[in-house]
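A.B. asks: When you get a sec, could you build the whole thing from the sequences and use the hints?
Protein chains in written order, with our numbering: chain A, 8 to 481; chain B, 8 to 481.
Read the hints as simulated data drawn from the structure, not as lab findings. Be aware that a few hints might be false.
Identical copies look the same in the list; a pair holds intra-copy or inter-copy alike.
What the hints assert, rightly or not - Result set (DMTMM-like, lysine to aspartate or glutamate): computed pairs, CA atoms no more than 20 angstroms apart in a straight line:
1) K370 x D63
2) K382 x D345
3) K370 x D64
4) K332 x D348
5) K370 x E331
6) K440 x E330
7) K332 x D345
8) K110 x D249
2 protein chains.
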Amino acid sequence: MSVPFEERSDRLQGYRGAARDALNRFEIGVWSEVELVNDAGSAFAGVILPRSETADDLHIVIKLFTGYNVGVAAHRIASAKEIGYRRAVYRIPEKDFPYDSQKKNVTLLGTGGTIASRLDYRTGAVIPAFTPGELYGAVPELADIANLTTFKLFGVFSENMGPVQYIALAKAIGEEIEKGVDGIVIGHGTDTMSHTGAILSFMVQQSPVPIVLVGSQRSSDRPSSDAALNLMNAVRTAAECDIAEVMLCMFGPTSDRNDLLHRGTRCRKMHSSYRSTFRTVGATPLAMVSRTLNEKGSHFTYFTDDYIKRDPKRKPIINPAFEEKVTIQYYYPNFNPDIIDALSGIGYRGLVIAGTGLGHVNKPLYPALERAIQKGMTVAMSVQTLWGYAQMYVYDTGRDLLELGVIPLDNMLPETAFMKLSWVLGQTDDPVKIREMLTTPINHEITPREPHNGYLILQGGLPEVDEFVQKHWK
Amino acid sequence: MSVPFEERSDRLQGYRGAARDALNRFEIGVWSEVELVNDAGSAFAGVILPRSETADDLHIVIKLFTGYNVGVAAHRIASAKEIGYRRAVYRIPEKDFPYDSQKKNVTLLGTGGTIASRLDYRTGAVIPAFTPGELYGAVPELADIANLTTFKLFGVFSENMGPVQYIALAKAIGEEIEKGVDGIVIGHGTDTMSHTGAILSFMVQQSPVPIVLVGSQRSSDRPSSDAALNLMNAVRTAAECDIAEVMLCMFGPTSDRNDLLHRGTRCRKMHSSYRSTFRTVGATPLAMVSRTLNEKGSHFTYFTDDYIKRDPKRKPIINPAFEEKVTIQYYYPNFNPDIIDALSGIGYRGLVIAGTGLGHVNKPLYPALERAIQKGMTVAMSVQTLWGYAQMYVYDTGRDLLELGVIPLDNMLPETAFMKLSWVLGQTDDPVKIREMLTTPINHEITPREPHNGYLILQGGLPEVDEFVQKHWK
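C.D. replies: As structure tokens, then:
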């Protein structure tokens, strides 16, 4: 309120139509701190954000004082009053990223996820940092870690990633490796980051250097943001880590200085909003990467030595195949055969079932699965418990499914199985080859056993928890 | 080998056709301890079990020395030799279950899950204990806890449970409550136990007494079996616990003396073979039930007081409605609109999406969802992270889905949502009523917040873990 309306040149920045009308009607604008109530009686308190040109004209976007951005439908606003005004300077200062010939060279490929914007870019309020100079301005510590080159491949929300993007990414990775970079970071939204980790594990094999997916669960203007931490640790992993695999570098649960490195084929997002959302499933994470040095003088604490080691001389195999007519079905009680028949009818060539228990579905599905398999559909079985194995030899019913031709996937995660089946069917329609490719592990998507501390939690270095879990969790 | 073949009257018990031929060919039989290799070179060592009359004639069933039963295809056996013989007396001794007028009365309804058989009943090798006398013979401690009456409602594998069974169960529960029992136990396979817990939470409301689902992950002939522990704790819960809700009583992760009580609407099976497989999601379990007394002199340690209390005078509402044309689809990248159109085309009236992140699907699905909704399909959004909330107001894309008519389900679990939608659509086709019923919680299927220690793990009473989780997991 300290600044008169006429002096606020950006008062309606990006707002059009009904949204703009509402701002005028209630005498509020961009950077107004407001208390607002809608026609359902819901109250919102926060700061009105500017909008991007491509946003709709129906909503006013408010950064709540709690941190989240929400969109309020303009036509549903019952009352709104300005309680303060604080123009935020969220511009990212651009500085020349210094080059140091002693440092490793890392390429950052952008797909559209939030990396180091001042506000969550999905709302369109601010363009995220992306050039090396912007990233240096936002996270100056990056220059201490590596020399950074950036390419914006596309700008899509994580849920809109698909084969077009996967293929482009795989090819871009191949080109960067050809150039001789020391590691690659991929900025990615968190929602489907593990899906991309899985498909890239198949499309890009035998990489000589680390390929590190990174994102953030909280935008960098929130006090608890994980954006800068994740980015720094991802760049360090690309530059220095010994593990030359496709990995996800994401927050804890360890501490606020560390990230965990999850293998692309073996992890999953487990919470819609917590920072500590990714879990390696049925294994321990590969390593912890820390901002500070551990007692051995390294930023990396390796949890296993069963990984593909960095080797600049190794030639990668880039194989970007993808069949789109593949689906996953999570079994639920009374799952009706008409869905299997419908999928077969519209030409689906691949089906991953996430069955119950050790890999079961109900009896009425058997004839439909048999029909689909006869028609050429590949049907594979994973488990919806996520942890543990499909063990279809244990019960008669499992054996019946095996005899119909259902392929058991052991402990391959359902989403990893979806990606692998899509990739396999993009290369062959020979049933023998499909089965062999699907069940022969490429990078730990099937493992011979799961360690007791690979269930639900990495114990974060508390030995009493480890002992407890060993005793009571199996 | 100590017993000559001719003296083994049960040598071929239950075996027919190819399986019987193989036993004769290799001079092995029921109760032979064998070492067997199949044509793929896989080796099996264990005891050959008898088969039931209804089993197929293609497999020989072996209880491996590791505990699991496997079926080996008879025509694929390359070699087999008897290394021992030990006739097992797995008959369950039947004793009169004592009646004590001082004790509470509990009814046990059987659906087919393993309760206290000596061998896993799914293999058909042995009929599980089920009459009160058999249960008393198998687990004599039961008589110290309550007076037991048993009814075998059906004998189906957990994955074959469906509306027919749910409706029969709801009605049987109503009848038992009418008779004035102090509590009800339902024996159930573990694979879909949480699904049954969810639907019964809607079909049976305002129960005056506890309704406790129980099963076991390991059959009772295995040294680490949880069968007797779970059964005893379930009967005790039915008899004495103050929580008059639909609950699951299952093993840990706490200790070998305790089970946890999970609310029917808020839990999920998370491991295909561990005993400690069920987790309450987005909340803490309701209580811990122990064989021994806690420091307060009770078998029950309550973790919350927000539950429906036992009240013998309360009249239950039995409402066994179910619409079968409902499905869940877990979103995956590149999910194609043709599946939505196909589901709509074959008459599906309800669709629960398990979306990514805060409740997203890709853009190409929007027109198909709009078409389906226009045609009368109810489409509701949950999250595939399992933990956390669908928060569709946060991003433009979520708001677009809301405007198409997609109903956000907050933190309702996808499978619970499937059961609730099936139940709601079994009662009405009025869109306003459907939305209201679906989003108005009946028993904590939607909660206003999730506690920090409701994510992935109950901390089992280790305060340092609790502190750690509070700090680093959110």
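A.B. asks: At most 20 angstroms between alpha carbons: which applies to K440 and E330, within, between, both or neither?
C.D. replies: Only inside one copy: K440 and E330 sit 15 angstroms apart there, 41 angstroms across copies, limit 20 angstroms.
A.B. asks: Using 20 angstroms as the alpha carbon limit, work out where K382 and D345 are close: within a copy, between copies, both or neither.
C.D. replies: So K382 and D345 pass the 20 angstroms test inside a copy (15 angstroms) and across (19 angstroms) alike.
A.B. asks: Indicate which option fits the pair K370, E331 if close means a Cα-Cα distance not exceeding 20 angstroms: within, between, both or neither.
C.D. replies: between (28 angstroms within a copy, 16 angstroms between copies)
A.B. asks: As a check of your reading, is K370 near D63 (CA-CA no more than 20 angstroms) within one copy, between copies, both or neither?
C.D. replies: between (48 angstroms within a copy, 15 angstroms between copies)
A.B. asks: Should K370 paired with D64 be assigned to within, between, both, or neither, using CA atoms and 20 angstroms as the limit?
C.D. replies: For K370 and D64, the Cα distance is within 20 angstroms only across copies (18 angstroms; inside one copy 51 angstroms).
A.B. asks: As a check of your reading, is K110 near D249 (CA-CA no more than 20 angstroms) within one copy, between copies, both or neither?
C.D. replies: within (16 angstroms within a copy, 65 angstroms between copies)
A.B. asks: Cα distance capped at 20 angstroms. Does K332 pair with D345 within a copy, between copies, both, or neither?
C.D. replies: both (18 angstroms within a copy, 10 angstroms between copies)
A.B. asks: Indicate which option fits the pair K332, D348 if close means a Cα-Cα distance not exceeding 20 angstroms: within, between, both or neither.
C.D. replies: Both, since 14 angstroms and 15 angstroms are each at most 20 angstroms.
In summary, the structure agrees with every hint in the numbered list given earlier.
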